[in-house]
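Trainee: The residues making up each chain are set out below.
Number of protein chains: 2
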Amino acid sequence: MEEKEFRQEMQKKVEGIEGILRKYLPEEKGFQKTVLEAMNYSVLAGGKRLRPLLMQETYRLFGGKDKVVEPFMAAIEMIHTYSLVHDDLPAMDDDEYRRGRKTTHAVYGEAMGILAGDGLLNFAFETALKAFSETDSCGAAARALTVLAAKAGVYGMIGGQTADVEAEGLEEVSLERLLFIHAHKTAALIQAAMMVGAILAGAAGEEVARVEKCAYDVGIAFQIQDDILDVTGSLEELGKPVGSDAKNRKQTYVTIKGLEESAKEVDRLSREAADILDGFGGDGEFLKQLVLSLINRRN
Amino acid sequence: MEEKEFRQEMQKKVEGIEGILRKYLPEEKGFQKTVLEAMNYSVLAGGKRLRPLLMQETYRLFGGKDKVVEPFMAAIEMIHTYSLVHDDLPAMDDDEYRRGRKTTHAVYGEAMGILAGDGLLNFAFETALKAFSETDSCGAAARALTVLAAKAGVYGMIGGQTADVEAEGLEEVSLERLLFIHAHKTAALIQAAMMVGAILAGAAGEEVARVEKCAYDVGIAFQIQDDILDVTGSLEELGKPVGSDAKNRKQTYVTIKGLEESAKEVDRLSREAADILDGFGGDGEFLKQLVLSLINRRN
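Residue numbers (this note's numbering), protein chains in the order written: chain A, 0 to 298; chain B, 0 to 298.
Treat the hints with care, as some may be off.
Which copy is meant is left open, because identical chains are indistinguishable; a pair holds if it fits in one copy or across any two.
Derived lysine-lysine pairs resembling DSBU-like cross-links, with alpha carbons at most 30 Å apart [claimed, not checked]: (1) K212 - K64; (2) K28 - K256; (3) K3 - K256; (4) K212 - K129.
Derived by calculation from the structure, the hints in this document are not laboratory data.
Isolated chain A, as found in the complex:
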């Protein structure tokens, strides 16, 4: 697909995802209105909607055609968002801006930032559970939810977050710890996105395992690219100051391995991910292009 056509197709798909998200977000009313506002503010603050998009496209790759995937698409974006809201808190990264907008706690206060994050994580499960009434296969929905929960939790994203927080206090971060952080903090939720899509579409266990490996490659490459962009990007493009990792003395793949070696690794991982996708046959052209564009993005 030509770059321009791909961009148009992508925009159309992301608009579709925005619609799905809005459908599942809570109405802002009642005595708990403020937390609902803070949740919606956080989710609607923008973002690439990468995880729901990857889920939807993987679902389609394996022949999925139903609405059962939609609650899960909304759910994974809620989980991703809550992790950012809590990550931005004063006791964590203490960020006042994200994507050029005030962070949730900066607008609603710290207590509401904590509660909005909790609310989104819990609401993600409430939302995903709605898929159970959209399917005849309770078993597949339960397996998908189990993967989503595992990849979001202490053996997934939260585990990576923990190792990351602790790495900030260390003089030296080993490559082993760094890869653990990337595999869990970043790759785990990308794995959840693609695996849930595959499981809901009825992919075989062995296929889901290959999807997991592909998503690992995508996640690690995406994170290394993020670290590369932290060095080479600009405030204008990213909405955050250049080199914030270096400013915070945060060790990354780039600070350990250097820019050149990092770029090579991104390249290797992206080729491996593309090969796995090719191996599935089916109409995976858009998904492959998406994966490659994410990995090789310039901002």
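Given chain A's structure and the hints, the job is docking chain B onto it.
Mentor: Relative to chain A, chain B alone:
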């Protein structure tokens, strides 16, 4: 049942619950070890194990005999615990002690307090999902999980927490808001406990609705009793300073209605709850005594 016999029976049951909790808690290892330690520290800090106990006894009342309830019992205690961990954070109630022990963030730091809470909430869902492999009825497990998630979330406990946080900034708290707070912050999780027990045991929809009402009464009465004890209790008995609500200028049912009126309402609610339980027939004697002892506790 005689008071002494009841206490012995209760102790035996709570020991059983401790065993179930330990079975489902994570092993403390890996790069994310600290968050796992903080989670276990939080859950094993003690507590009455009221919610799992109510779940188990309601399950039994409706004839449940399997292990499917156990993951849910562990899950609801994890949810209760995470809510305390986040509630104790400096940006929330800023408590350094709970039940006479240092709170999680006081021991592990604020970032780890946030992550341990997130970890426990997520792990609660991971744990409850294990019930799906313990049952032939995927549908009942999904309904039970849906109730648990709803009662824990922004239309349940987190909603009540939000209204409570905001009430602290108000000159006057209306009785309507106060009852919303009690119904959601406290009663919702007790409702979840008893409803999940009933659903997993195969109770009919109309029975589950009566259980929900009974649990509402128990929850409201429990909370009013808590507010009464805040005034009349002592540091020794409660492990926290006397009258912390008054100290924090927090308005409660007691500060609005007075001690006498509050005690009367506790009495009315406890009789209503007992009547509902009597209406189910079956062996609900222990559950009734439990409910009444909780409501009318002296510490």
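Trainee: Have a look at K212 and K64 and pick one of within, between, both or neither, based on CA distance no larger than 30 Å.
Mentor: Within. Shortest intra-copy distance 24 Å satisfies the 30 Å Cα cut-off; inter-copy 41 Å does not.
Trainee: Using 30 Å as the alpha-carbon threshold, which applies to K3 and K256: within, between, both, or neither?
Mentor: neither (34 Å within a copy, 68 Å between copies)
Trainee: First find the shortest C-alpha distance between K212 and K129 inside one copy, then the shortest across copies, and answer within, between, both or neither for a cut-off of 30 Å.
Mentor: both (28 Å within a copy, 24 Å between copies)
Trainee: How do K28 and K256 come out at 30 Å by Cα distance, when the copy is not named: within, between, both, or neither?
Mentor: between (50 Å within a copy, 27 Å between copies)
Checked against the numbered hints listed earlier, the structure breaks hint 3 alone; every other hint is satisfied.
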